[in-house]
Amino acid sequence: MSEQAMAAPRRAAGTLVAVSAAILVTVILLAIGSPNPARALTSFFWGPFSNRFFFGNMIDTFGLLILVGLGVCAAFRAGVFNLGGEGQVYIAALTTAVVALSMPAAPAPIGILAATGAAVLVAALLAGLSGLFRWAWGTDELITSFLISAALVPTVNFLIVGPLRNPDSNLMTTVRVAGQFRFLRLLPPSTLNVSVGAAVLLAVLAHGFLFSTLRGYELRMTGLNREFARYGGVAVGAYTVLPMAVSGGFHGLAGAFFVLGTHHAAIEGFTAGLGWNGIAVALIGRNHPLLIIPAALVFAYLEAGSRVAGLQTEFTFELAAIIQAVIFFLITAEIVLPRLRRGRRERSAP
Amino acid sequence: MEPTPEPVLARMIVRMNNVSTWFAENQVLANDSVSLSIRSGEVHALVGENGAGKSTLMHVLSGYRPPTSGGIEIDGAAVRFTAPSDAIANGVVMVHQHPPFVPFFRVWENLALGTEWTTPIGTLDRTAAAAAIRRTAEKYGIAVDPDARMGRLAASRLHFVAVLGALLRAPRLLILDEPTAPCTEPEVDKLFAALRMLAADGIAVVLITHKLKEVMQIADRVTVMRAGALVATVDRRETTAAEIASMMLGEDCQITDLDRRILPSPPAATPRSTLELRDVTVHAGDLPVLDRINLTATSGTILGVTGIRENGLEFLEEVLSGTIAPDAGTILLNGIPVARYTPRHFRRIGISYIPTDRILRGSSMDSSVAENLILLHRKGLQRGGLLRRKAVEQFAEKLKRRYDIAGPLHQPMRRLSGGNIQKVILSRELSGRRLVVVFSEPSWGLDIRSRNRVYEEMDALRSEGAVVILISADIDEVLSMSDRIAVMFRGRVAALLEADERTRERIGELMLGVEREGADV
Amino acid sequence: MMFNGVEIMTPILLAALGGLFAEMAGVLNIALEGLILIGAFTGILVAAATGNLAVGMLAAAVAGGVLAGLLAWVTSRLKANIFIAGLAVNLLAAGMIPFLSTWMFGTKGVLRFPDLPRMPRLLVGVHTGLPLLDDLLFGHSVTVYLAWLTAVIAAVLLYRTPFGLRLRATGARAESAVVSGVNAVRYRSIAIVVSGVAAGLAGSTISLRLGVYLPNISAGRGWIALVAIYLGYRTPMGIVIAALLFGLTDSLAGAAQGFMNIPGTILLGLPYAITVVAMILYSAIRSTKPRRRRRRIDAHF
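Protein chains in written order, with the working numbering: chain A, 669 to 1018; chain B, 62 to 582; chain C, 15 to 315.
What the hints contain is simulated information worked out from the structure, not anything from laboratory work.
Among the clues, some could well be false.
[Unchecked claim] For each label pair, taking beta carbons as the anchor points, the in silico distance ranges come out as: (1) C:D129 with A:R833: 33 to 43 Å; (2) A:L958 with B:A303: 53 to 63 Å; (3) C:L136 with A:V695: 45 to 55 Å; (4) A:G806 with B:E454: 48 to 58 Å; (5) A:V695 with C:G83: 20 to 30 Å; (6) A:P703 with C:V69: 28 to 38 Å; (7) B:H471 with A:A776: 39 to 49 Å.
Positions of the beta carbon are idealized from the N, C-alpha and C atoms, including for glycine.
Please work from the sequences and hints to get the whole structure.
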């Protein structure tokens, strides 16, 4: 029996416990906090399937979650950690809006390509910078990626609320991008659009890259044992900086799709939580690109449920953050059913 | 040294009853119902091949790992150890194979850990700790400065300090796991003298080793283990080294006696390639750890480099593998200076390397055996960036068969024994270009069968005309394998010895810096 | 400005000193931010309910300790990843506080407590004749002196007691502790709880000094504290200096805001920006010596 086969039940148990605990906590909070617990719980569980609008929005979120999940996975697999996804998505979204708004008359392919490309580039640069510092001076990329993002988020807020604000709207939002740049909606009035297909396709491609190509092999070897990879002549420096940049790039793509597909404009704080969700999805999917697809679906459902529950009972709070918290607490835990419990992890050689 | 006669009233102090230890993670029964008794005042040698279960058994006895079944009695009373602290409280103290010290702590801080001396207000009492350390050190003839930084001590000293630390806990049973591995002969004698004194004081000593010479030198009784089971416990005076060896290995295995090994004559052809170190210097901080090293290795010969650890061997390994660049000097391959000091470039120009650290550097323990095998050949197994699954499988299968690596190729490296891990590394390193091969401590921790395999490979490389460099702190290994031997002392080549001028004693003296003539070879 | 800087440094100093215990035990506690937030919320709530600042601070310390204890439990017992579980603490704080706030007060916005007693000040009106020194030393909130006292206590505990020796051994090389009969897991857990207590306390000093609770009142101080640990070379005295530097820069930036006409929103990112720049500079300077070798090692980039 291979190690993976042995570890599979333990991992499955961990994931199951984490997701169930998250649902349980949500139920408890809705029950004690909502003025109408029965209605809140029904909305939470059935809301996402109750009409085209909610269902379509959930699938739209699913696509975005795949992208951020892949972003986190790209760094994780190389043994680096991108904690700045939250800000990278936001900054990329604003970049998309700015570029698209600057060329309102451009033909669709050019405008979309320019806006998306700029967003991916900006986010990749931001994350790649942290990789670069790590490579050059050993600066902890986990902390710098978070801090760089956190430092820039207020500036994005300022731009949306200030100079770029749409004066005709009550919302803190930019002007909507030109019609030809907006992705085709699949299930109106929901925000579901064609980008979800691209996300699924990218997950499949990422899987192929990771497990069937030379570069994917080198990246995984670097992530599993940096010293070993270097000894084998792998350019570990490149696999420190590039995966961070690729990670940023995926987050940037999510930001671009969020504007071109979902909202058609950049709204203050509208990407909040997407970066953290990416980490949750990557962890539920055990950093496996194909498993990230179902993981994103589960998470999209949880989030849609809490959103519907909030809308229908007028009791809104950061349920998403709490769901993330519960999942983060337990997802990496070794939750072992008593019969599968193994001895202490020690060197096996006697 | 003559072992002292066994004390007349040998009080039985420790008894292990039917101890079994099962490693669930790699499905190994490391101890199979082992029963063993250890008496106070005796030196009890525990011998067996690697993987025989010696260390595991003693980990159980010292509270480091609970047994799966079976129990321990001390003076007739059953005890249960769930952590080393329990064992220490019962007078059972183990000195591990690689004593884990904190390098930037001072000696007294390391030794005080766990049994701290305190002042009346509860703060650490350095003076009391240092005094206690000096007292015990003097008694057993161990020289140590309590205020020295641990990281500054030579590897061979670490065991003395570790033994000292164990003695400070007033043990009734002291367990030593391969304490002589990094020691020179004079140091071994010193350590054994201390052990004899301990035994004379009524302390029971268990010595884990696989060096039969040492067993015959010091032990009162010998317990032999094989494949997790106890073969026999015998009185040292009633047995011979050959008898113990056959118990260790089973009937079917031939022993290579390193002392009597005859080196095959070198190939007559003129050298095809050379690897030359010219004034290679490496600094760590302000100190030179390699000081103007000049050495030339030619094809068809084995250049042995030996010395006590901390005298430059480890830095030589790093330089010869391209892991670090020399601060001054050059390495020349066939007269051409190497362009860049990176493992990547060294591989490209044909310098292969078997690292000392097979776990952290030589393997990716969480990857499959196949993924470990293809590391160096990955570029030949791809087409258009895609790894060809079939080619990967065939390549791995070929190496597995040629080096008889145990188990399926898709299992993780973590599951392999030490010998098989080394086989994976050897097969990977030796299956490409074999121009220059650097072996660093290639047989360290391997059992006799696996060792022989390594030596066969080295001989094969030598006779086909490769440049072979063997870096090893094991004098016997270097003596029997090398055509020429360079002895390192304090970062310099103390001497370069040709075939006719070398003896164990001479090398031992050079290693310790007794002689400095010929330093500028 | 010096005066303000010292007041601003206090929560950073407290949290960093706590984080130092975790760091010494080998744990990078990225949950400090969330623990500060919990401390700030609990502290002001309990202080307002009891009318006693000290009780509020005690409650904040307990809340921080309990939450950190949970973190220690999942990482030691369930072997959860400390970074991911640490993020969980931060997210839990970000999620639970608005929930509790809405539940109890009907709003997740600013909470005002007009009846809260004012934080007492010590050594008011003492002068040495040197204004800068006066601003540094005298007339500060009690919490400032509490933080300084904590630095001294931390130094003694870490370097002069068996507890500190065991803690440092655990962090430096866990096996060395284990073979010496020290329960490394327990010491790591204790260190995480200590960091939680200190971060909780740090949080309460922020909200109690202001007399209000604002959403996200911690404003990145937990992250700054983490960086202060590195900048202070992982010593209590170094951390005091690093925290003071952060405090001074922050108050300087506040003063600069007025005449440089930078929008206030952008300045919210400033603490993060200063911290990341400091961290990068620090690692760049520190690695100048080994850099030559490091560069060569990785030169095949």
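A quick look at each hint next to the structure:
no.: 1; hint: C:D129 with A:R833: 33 to 43 Å; verdict: holds (39 Å)
no.: 2; hint: A:L958 with B:A303: 53 to 63 Å; verdict: holds (59 Å)
no.: 3; hint: C:L136 with A:V695: 45 to 55 Å; verdict: holds (49 Å)
no.: 4; hint: A:G806 with B:E454: 48 to 58 Å; verdict: violated (38 Å)
no.: 5; hint: A:V695 with C:G83: 20 to 30 Å; verdict: holds (25 Å)
no.: 6; hint: A:P703 with C:V69: 28 to 38 Å; verdict: holds (32 Å)
no.: 7; hint: B:H471 with A:A776: 39 to 49 Å; verdict: holds (48 Å)
The structure is inconsistent with hint 4 alone, although it conforms to all the rest.
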